[in-house]
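Number of protein chains: 2
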Amino acid sequence: MNYSAILLKKRPDITITSDIFEKVSKPVPEIAEGEFLVKQTHMSLDPAMRGWMSADRESYIPPVELGEVMRSSGIGDVVASRHPDFPVGTRVMGMMGWTEYFVAKGGLSPVPTSVPQEALLSVVALPGVTAYHGLYEVLKPQAGQTLVVTGAAGSVGSMVGQLAKLEGVTVVGVAGSDEKCHWLTETLGFDAAINYHDEDFAAKLATATPNGIDLFFENTGGVAQQHIYQRMNAHGRVAVCGMIADYNTATPQPGPNWMNIVRKRLMIQGFTMPDHFHRFAEYGQKLAALMMDGKLQYRAHTLHGLDSAIEGINLLFSGENKGKLIVAL
Amino acid sequence: MNYSAILLKKRPDITITSDIFEKVSKPVPEIAEGEFLVKQTHMSLDPAMRGWMSADRESYIPPVELGEVMRSSGIGDVVASRHPDFPVGTRVMGMMGWTEYFVAKGGLSPVPTSVPQEALLSVVALPGVTAYHGLYEVLKPQAGQTLVVTGAAGSVGSMVGQLAKLEGVTVVGVAGSDEKCHWLTETLGFDAAINYHDEDFAAKLATATPNGIDLFFENTGGVAQQHIYQRMNAHGRVAVCGMIADYNTATPQPGPNWMNIVRKRLMIQGFTMPDHFHRFAEYGQKLAALMMDGKLQYRAHTLHGLDSAIEGINLLFSGENKGKLIVAL
Chain A
1 MNYSAILLKK RPDITITSDI FEKVSKPVPE IAEGEFLVKQ THMSLDPAMR GWMSADRESY
61 IPPVELGEVM RSSGIGDVVA SRHPDFPVGT RVMGMMGWTE YFVAKGGLSP VPTSVPQEAL
121 LSVVALPGVT AYHGLYEVLK PQAGQTLVVT GAAGSVGSMV GQLAKLEGVT VVGVAGSDEK
181 CHWLTETLGF DAAINYHDED FAAKLATATP NGIDLFFENT GGVAQQHIYQ RMNAHGRVAV
241 CGMIADYNTA TPQPGPNWMN IVRKRLMIQG FTMPDHFHRF AEYGQKLAAL MMDGKLQYRA
301 HTLHGLDSAI EGINLLFSGE NKGKLIVAL
Chain B
1 MNYSAILLKK RPDITITSDI FEKVSKPVPE IAEGEFLVKQ THMSLDPAMR GWMSADRESY
61 IPPVELGEVM RSSGIGDVVA SRHPDFPVGT RVMGMMGWTE YFVAKGGLSP VPTSVPQEAL
121 LSVVALPGVT AYHGLYEVLK PQAGQTLVVT GAAGSVGSMV GQLAKLEGVT VVGVAGSDEK
181 CHWLTETLGF DAAINYHDED FAAKLATATP NGIDLFFENT GGVAQQHIYQ RMNAHGRVAV
241 CGMIADYNTA TPQPGPNWMN IVRKRLMIQG FTMPDHFHRF AEYGQKLAAL MMDGKLQYRA
301 HTLHGLDSAI EGINLLFSGE NKGKLIVAL
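Respectively, the protein sequence lines represent chains A and B.
Counted from 1, the first sequence has number 248 at position 248 by the UniProt record's numbering; the numbering is strictly sequential.
Counted from 1, the second sequence has number 271 at position 271 by the UniProt record's numbering; the numbering is strictly sequential.
There's no promise every hint is true.
Only some residues are given here: those of chain B computed to face chain A with a beta carbon under 8 angstroms [said to hold, decoys possible]:
| no. | residue |
| --- | --- |
| 1 | Gly-242 |
| 2 | Trp-258 |
| 3 | Ile-268 |
| 4 | Gln-269 |
| 5 | Phe-271 |
So the derived list for chain A, only partly shown, Cβ under 8 angstroms to chain B, looks like this [stated by the list, open to error]:
| no. | residue |
| --- | --- |
| 6 | Met-243 |
| 7 | Met-259 |
| 8 | Ile-261 |
| 9 | Arg-265 |
| 10 | Met-267 |
| 11 | Phe-271 |
| 12 | Thr-272 |
| 13 | Asp-293 |
| 14 | Gly-319 |
| 15 | Gly-323 |
The set of hints was computed from the structure by calculation and includes no laboratory data.
For glycine and all other residues, C-beta sits at the position ideal for the given N, C-alpha and C.
Here chain A stands alone, though its shape is the one from the complex:
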C-alpha cells in the first residue's frame, strides 16, 4: 500500500508558491521493534511554518531541509505498533509533517479520543500554548487592565483574548474583516473589535481604549502596530509573537521610534514556543480543562486532503482563513 507525502523542494522567494513543493508516493513502511505507525488524520497549518521554509539560520529552530517532508504538527491514530506505550488505537499529537503516515519511536503525545481533533489542534496545540505562555508569562495580566491583541481572530489571538477576559481584563481585538470582528465580540465576548482596514482605525482604537493600553499581544505587525504602540500606558507590556504582515514582504515596514519605550518604560518581549517546550503539557492541561468547561470557544477552518495544504497555507497570510486552519486527511 502506498501513501502520499509532500516534500519541500525549494526555498520560497517571497510568497509561497506551489512549485516549491513536490508530492511523492511511498510504500507504507514496515515497523521495527520499538516503533509505531501513525495514520495522520488532521494536520495543523500555522504561520510559523513560513519561517521553517526559509534558510534563515538565525531563526529559532532549524529550517526544513530541502527534500525533507514539510514540517507541521498534527493528530493521528496508531494503526500498527511494536511499542508498549503506544498500542494500536492510541490517538497521538505532535510533529509529523505533511504526510499521510508517520513512523515514530516516541516524541508524540497521547491525546483523548473523546475530544474532536479540530478542538485539540485549535485550543490545546501550538496556538493555545502560545497564547497561554504569552499572556501569563510575558504580559502578566491584572484585572482592570486593557489588552489589545492583533490577529485577534486567528488561532493564537482568539485564545489570548478569551483567556484575558477570564482574568477580568478589557479586551480589544484587531482583525482583518468585519465578519471576524463580529465573531470576536458576539461569540467570544471581546469588549471591542476593530477592522484594521478601517480608515478611521486610530479613532476607533482610541474610543475602544479610553484608559489607554496596558498590554499588547502582537501577532501581525503592519499598520495597526504604530497606533497601538502610541496608546501604550506607562509600564505597559508587549508580547511580540509574530509579524505575519511582514513574513511575505521583501521590505518589512519600519517599527516605531523607541522614544516611547523610555517615556512609558515599556517592556517588549519577543518569544517563540520552542524555547518553552517543557511547559507544553502544563499549559495544555489547563487549556483542555477550560475548554471542557465551555470557557474557550474556537472555530476551525478545515481543508480536505493532503494537496489542499499547498494552496491552503497562503490563507494564513492573506487573512482569508476563518479560524484555525486545519487539513483533514
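Starting from the known structure of chain A, fit chain B onto it as the hints suggest.
Just chain B, lined up with the frame of chain A:
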C-alpha cells in the same frame, strides 16, 4: 544680600534657545524653624532636563511649570540652619534647580566633603545610579557576553561600560568623536569604541562584535541603533535609557522592524530612574565604594557661573561635551 536663579519662561519649540529662560535676582530668604539654607556650588546638567522642559504630560515626571526655577540636581553646603539633621557645614546633594541658594526642609542627602563634588555628580548621582540600575536590573550581564553601549563617552554610558568590564563582559562603546573613542579604550579600558560618524560603522561594529551582541544599552537612538539591533543574539537584552538623538528633532526616525524581536526573542525594556528612587542610596554606596577603589574613572566638563547653564545645556545634544556636564557656581 541678593542671589540669582533662572526660571523657565517658555516651552522649547524644538531646540533649547536662551529666550525660554529668565534670570531673576532675589533676596536670600530668612529661614524658619525646621528649614536650612544651602549655597549651591555645583549643578548637574543632564539630557533628561530636555524632557522636564516640555509640557508632555505623558512623561515620567511632571514638567517644570512655567515661571518656576529650572529643575536640576546639584551639590551645595548648608550655610544657615534651623534643622537639627542639617547643621551648618553639611554638604548635601539633591534637586535644587538653577539657583545659587536653596531653602529646604529635607529632601536632600548628606554627602562626604572628602570627595570632590565633580566626582559625586559624575559617579554617584543620577548618571551613575542610572547606569547601575540599567546594567544590573535590566541587562543582567554574565561574564563572556558582549555589550554595546551608545553615548558611551557620556556620563551614563561611561559608567555602564566600566561596570560591565568589572563583570567580565566584552564592552564596545559607540561615541561621536575619535577623541571620545580614544578615551574609552585607552583610559576606561573598553575593548573597542566606534565613532558613529564613520562611514563604515556597520563593518567596524561587525569586527568589534564577532560573536554578535548579547546586551545593548541604548542612550542615543539615531543611526547606530539599526546596526546594533541587527547584530543582537538570540535572547539578547536591550535597556533603553535615552534617545538623545531624537530629543531635539521634530520628526524622530522610525525604529527597526519588530521581526527580529520574535526571531531572536529579544527583551527590550525602557526605564527611567524616578521609578527607582528607593534604590538610589543602595546604588550610590556601591558606586562610591568602586570609585574609592579606583575602579571607576570619570571626567567632568565644568562650566562656570549660573548663566553658563543656558547655553551649556545644548552641549549635551550636540555631543560637544567631554564628560559629565557640570556648572560650578
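(request) List in ascending order the numbers of the hints, as given earlier, that are violated by the structure. (result) Hints 13, 14, 15 are the ones this structure does not satisfy, whereas the remaining hints hold.
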